[in-house]
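Asks: Please put together the full structure from these sequences, using the hints given.
Quick note, the sequences are listed as chains A and B, same order. Residue numbering for the first sequence follows our numbering, starting at 13 and increasing by one per position. Residue numbering for the second sequence follows our numbering, starting at 12 and increasing by one per position.
Please keep in mind that the hints were generated in silico from the structure rather than gathered at the bench. Note that CB positions come from ideal geometry on N, CA and C, so glycine has one too. The reader is advised that the hints may include incorrect statements.
As the list claims (entries may be wrong) - Straight-line distance between alpha carbons at most 30 Å, and here's what the computed DSBU-like set of lysine-lysine pairs gives:
{"#": "1", "chain 1": "A", "residue 1": "Lys367", "chain 2": "A", "residue 2": "Lys296"}
{"#": "2", "chain 1": "A", "residue 1": "Lys69", "chain 2": "B", "residue 2": "Lys308"}
{"#": "3", "chain 1": "B", "residue 1": "Lys308", "chain 2": "A", "residue 2": "Lys296"}
{"#": "4", "chain 1": "A", "residue 1": "Lys296", "chain 2": "A", "residue 2": "Lys307"}
{"#": "5", "chain 1": "A", "residue 1": "Lys367", "chain 2": "A", "residue 2": "Lys307"}
{"#": "6", "chain 1": "A", "residue 1": "Lys367", "chain 2": "B", "residue 2": "Lys308"}
Unchecked claim - A partial selection of chain A residues facing chain B, derived with a Cβ cut-off under 10 Å:
{"#": "7", "residue": "Gly25"}
{"#": "8", "residue": "Leu38"}
{"#": "9", "residue": "Lys69"}
{"#": "10", "residue": "Arg85"}
{"#": "11", "residue": "Gln86"}
{"#": "12", "residue": "Pro106"}
{"#": "13", "residue": "Asp127"}
{"#": "14", "residue": "Asp130"}
{"#": "15", "residue": "Ala133"}
{"#": "16", "residue": "Ser145"}
{"#": "17", "residue": "Glu148"}
{"#": "18", "residue": "Arg168"}
{"#": "19", "residue": "Gly227"}
{"#": "20", "residue": "Arg231"}
{"#": "21", "residue": "Thr338"}
{"#": "22", "residue": "Glu378"}
Said to hold, decoys possible - Computed footprint of chain B on chain A; a stretch qualifies when at least three of its residues, placed anywhere within it, have a C-beta under 8 Å from a C-beta of chain B:
{"#": "23", "stretch": "250-262"}
{"#": "24", "stretch": "307-318"}
{"#": "25", "stretch": "399-411"}
{"#": "26", "stretch": "417-431"}
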Amino acid sequence: MPHTVTRYTLPNGLLVLLQEIHTAPLVSHWMWYRVGSRDEAPGMTGASHWVEHMQFKGTPRYPAGLLDRLISRQGGYWNASTFLDWTVYFATMPSDSIDLVLDLEADRMVASQFDTADFEAERTVIISERQGSENEPLFLLGEAVQAAAFQSHPYRHEVIGSLEDLQHIQRDDLYSHYRTYYRPDNAVLSIAGDFDTALMLERLHQLYDPIPVGGPPPRLAQPDPPLDQPQEVIVEGPGETTYLELAYRGPAAEHPDFWPMTVLDSLLSGASSPSLFGGGISNKTSRLYRALVEKEVAVGVSGDLLATFDPFIYSLGIVLPPDGNTEPALAAVDAEIARLQDSLPGNDEVQRALKQARALFAYSSESISHQASWMGFAELVSGYDWFATYLDRLAQVTPQDVQRVAREYLLPEQRILGLYLPTGEESELDD
Amino acid sequence: MSAAHAYHSLPGPQDITRRQLDNGIVVLFRANFNSPSVVVSGYRSAGGLSDPEDRLGRAEFTAQSLLRGTQRYTFQELYDALESVGASLGFGGGAHTTSFGGTALVEDLDLLLDILAQAIEHPVFPVEQVERLRTQFLTSLAIRAQDTARMASMAFDRLVYARHPYSLPEDGFPETIQAIGRPDLLDFHRLGYGPRGLVIALVGAIQPQQAVEKIDRILGSWRNPDQIAVPDLPPLQRLPGVITDSVTIPGKSQADLVIGAAGPNRKAADYLAASLGNNILGQFGLMGRIGEVVREKAGLAYYADSSLGGGVGPGPWSISAGIDPANSERVIDLIRSEIRRFTNHRVTVDELADSSAHYVGRLPLSLESNYGVASALLALERYDLGLDYYQRYPSLVQSVTREDILAAARHYLDPDRLAIALAGS
Chain A
13 MPHTVTRYTL PNGLLVLLQE IHTAPLVSHW MWYRVGSRDE APGMTGASHW
63 VEHMQFKGTP RYPAGLLDRL ISRQGGYWNA STFLDWTVYF ATMPSDSIDL
113 VLDLEADRMV ASQFDTADFE AERTVIISER QGSENEPLFL LGEAVQAAAF
163 QSHPYRHEVI GSLEDLQHIQ RDDLYSHYRT YYRPDNAVLS IAGDFDTALM
213 LERLHQLYDP IPVGGPPPRL AQPDPPLDQP QEVIVEGPGE TTYLELAYRG
263 PAAEHPDFWP MTVLDSLLSG ASSPSLFGGG ISNKTSRLYR ALVEKEVAVG
313 VSGDLLATFD PFIYSLGIVL PPDGNTEPAL AAVDAEIARL QDSLPGNDEV
363 QRALKQARAL FAYSSESISH QASWMGFAEL VSGYDWFATY LDRLAQVTPQ
413 DVQRVAREYL LPEQRILGLY LPTGEESELD D
Chain B
12 MSAAHAYHSL PGPQDITRRQ LDNGIVVLFR ANFNSPSVVV SGYRSAGGLS
62 DPEDRLGRAE FTAQSLLRGT QRYTFQELYD ALESVGASLG FGGGAHTTSF
112 GGTALVEDLD LLLDILAQAI EHPVFPVEQV ERLRTQFLTS LAIRAQDTAR
162 MASMAFDRLV YARHPYSLPE DGFPETIQAI GRPDLLDFHR LGYGPRGLVI
212 ALVGAIQPQQ AVEKIDRILG SWRNPDQIAV PDLPPLQRLP GVITDSVTIP
262 GKSQADLVIG AAGPNRKAAD YLAASLGNNI LGQFGLMGRI GEVVREKAGL
312 AYYADSSLGG GVGPGPWSIS AGIDPANSER VIDLIRSEIR RFTNHRVTVD
362 ELADSSAHYV GRLPLSLESN YGVASALLAL ERYDLGLDYY QRYPSLVQSV
412 TREDILAAAR HYLDPDRLAI ALAGS
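Replies: Written out as structure tokens, the structure is:
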């Protein structure tokens, strides 16, 4: 690591990660809460994401309009994101303006109002957001596959929540969700950029020391038992394009198998970055691209291995050509998986995956915003060392490891096959 | 906090290298030793505007074919070389240009540049690869037909740019993609590709002299006497009134709405005033005035914002929203009211101060990554902004007045002459 990271816990339990980088006059500030769809019971799906929206509705000290205005005026960029395991609020600012973000983020950890009118207006906004997602075949297919992949674990529902829950959640329930999980000892603050660590710590003490310890919040999630039989889910919808999603249970981010699965994914579907900013390179020499696209049974293939707190799914997505058939595509995927299970991959192939990871890691560490993001993200899913040792852990993966995880995780009897079958309705111009 | 050195790191004549090679290629470079990576991006004048109407998509098809095989490398050899070192390279066709972008670890820069040069100078368009690409294009067009935002945008372009090449999508239609043959691709490459109008920006961890020498070595000897000039744009006709179009796409939960008209080109004298005005109208904070009225107050959309697309030609100045189809009339009324207010009254002193501060303050952030810097360098060249543009930028922004914004708003937007396009169920 080129820069030293300071890891510090405030008296109330707020974990702070600081990294001074003086290459540009910027500071990037990321406040992470350990709450996401993983913490939502049936009836409250979508609550974490809705709370995220409400956090932009203001506090008595920072009313909504003022909040946006102050940040934007300084040329800062800010937004938020809710995921399976976490919710994050981020801002990258000119370094002489960062105190504004420090102050308002501490303020809205405890002081958001959840005004009833704002809450109701946001209900329709979020339903509109969901409707936008529903326009996408891949969202509909992914939602169905996720529901089939888990029996009771909250990972079975989409982060945005079900339409029914979004229509029925009440203000007080949402406020309670906020108060339960927005606690200093349930948060991680990662900051990178042009600041002085000692002065930053002093300021953080001033801002956060008055906020009391919250105590451990309740956790709902219990790992599901393994799937005991293959499942097939079919989603029908408009369009002319057939999509396939094949999902297998995957390892959690901190499980030792996460690293060989990363290499496996690189071999099968191409290298991709696990960072929050995603990114990747083309995958035209990956095994599945050669077997599917080069053989003209599909026009695109991708793999998705997410770094999550609990075991989630490893999925493969396939797009068929017009009038394409699912059978040859599935047969080609099965054959490639069997090849990986039956024959050791070459060491050169594993080394190639490592080089790809090293490049992607460099790209994803390029900016101050990315550095701050990486620190907090790693801490949330496993621990800061997850980031610091990322490339070292990958370098230890052997061809035998890759073959072993192929045999353990990519089991046909534990596979969910999702099919999006188009109904063939076409768009029409209205005169 | 440490003192901010707000603009000490902005690109300028002191750290941008610009060289024109003997064959006309312009090279722009800025060093960045904070990352072990390097970015190469650029553009070449000649794009979809040259496409015959029955071969729409030819420029895009050509661009996508460049890495499908060259005189020296097969498709798999090209991608094996790139992907083995975690490098990437891609080409895309626009209306006026074909652009490219790639990245690699600096230790692999020579490899990246070699493949870039092979692809743009010596593509061979293998028949099998062309046919495979055709199938992929047709799939993309089928997906596009289901995309409410894309279909609304295309309907909007048909209204605003009637009888103008901007009315046509650069990725074509299924029938035009079917009609494009390998000879069309070869012709377009022979006549449209050459060193004239080629601009390459390189940003990363090497020395300036090395950067220029590397580009000169791989592309400095390229000549193409057949290269044709880029066609001029025809004049644009004024909208006759409020005109509407809608596209029905069955089975969609959300509809996409686009409202607006043609805006300024990037070199127009009032571009910066229009841009600041647009920021106030539908971007500042959480989407400016439009976001405040449509999303925050009425709760009628997840997104509702405005954009100004000024480039080489008069790109659209439009307001977009993703809405429940049942609310479309209400949202259209709200947006038209905001356009009327925007064209009748000056923005407030505070609004202009906010947006000006935002524009000046965000500049370092937009230049944080190698890609951001490369894009900024290309903009300097493309729009003749001058190497000191980013250092002059704060004073340029601060010189824009409320009157300038009102004049620009009135010049381009008229609440009674608008195009309104809607796509959804």
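Asks: Now look at each hint and say whether the structure bears it out.
Replies: Here is how each hint holds up against the structure:
1. A:Lys367 <-> A:Lys296: 16 Å, holds
2. A:Lys69 <-> B:Lys308: 11 Å, holds
3. B:Lys308 <-> A:Lys296: 47 Å, violated
4. A:Lys296 <-> A:Lys307: 12 Å, holds
5. A:Lys367 <-> A:Lys307: 27 Å, holds
6. A:Lys367 <-> B:Lys308: 50 Å, violated
7. Gly25: Constraint on glycine 25 (chain A) not satisfied, violated at 25 Å.
8. Leu38: 6 Å, holds
9. Lys69: OK, holds: lysine 69 (chain A) within 10 Å of chain B, min 9 Å.
10. Arg85: 5 Å, holds
11. Gln86: Holds - the Cβ of glutamine 86 (chain A) comes within 10 Å of chain B, reaching about 5 Å at its closest.
12. Pro106: 6 Å, holds
13. Asp127: 12 Å, violated
14. Asp130: 9 Å, holds
15. Ala133: 4 Å, holds
16. Ser145: Interface hint status for serine 145 (chain A): holds (8 Å vs cutoff 10 Å).
17. Glu148: 8 Å, holds
18. Arg168: 21 Å, violated
19. Gly227: Violated: closest Cβ of chain B sits about 33 Å from glycine 227 (chain A), beyond 10 Å.
20. Arg231: Hint violated; arginine 231 (chain A) Cβ to chain B Cβ min 30 Å, cut 10 Å.
21. Thr338: 15 Å, violated
22. Glu378: 5 Å, holds
23. 250-262: It holds: at least three residues are needed, and the stretch 250-262 of chain A offers 4 whose Cβ sits within less than 8 Å of chain B.
24. 307-318: holds (count 3)
25. 399-411: violated (count 0)
26. 417-431: violated (count 0)
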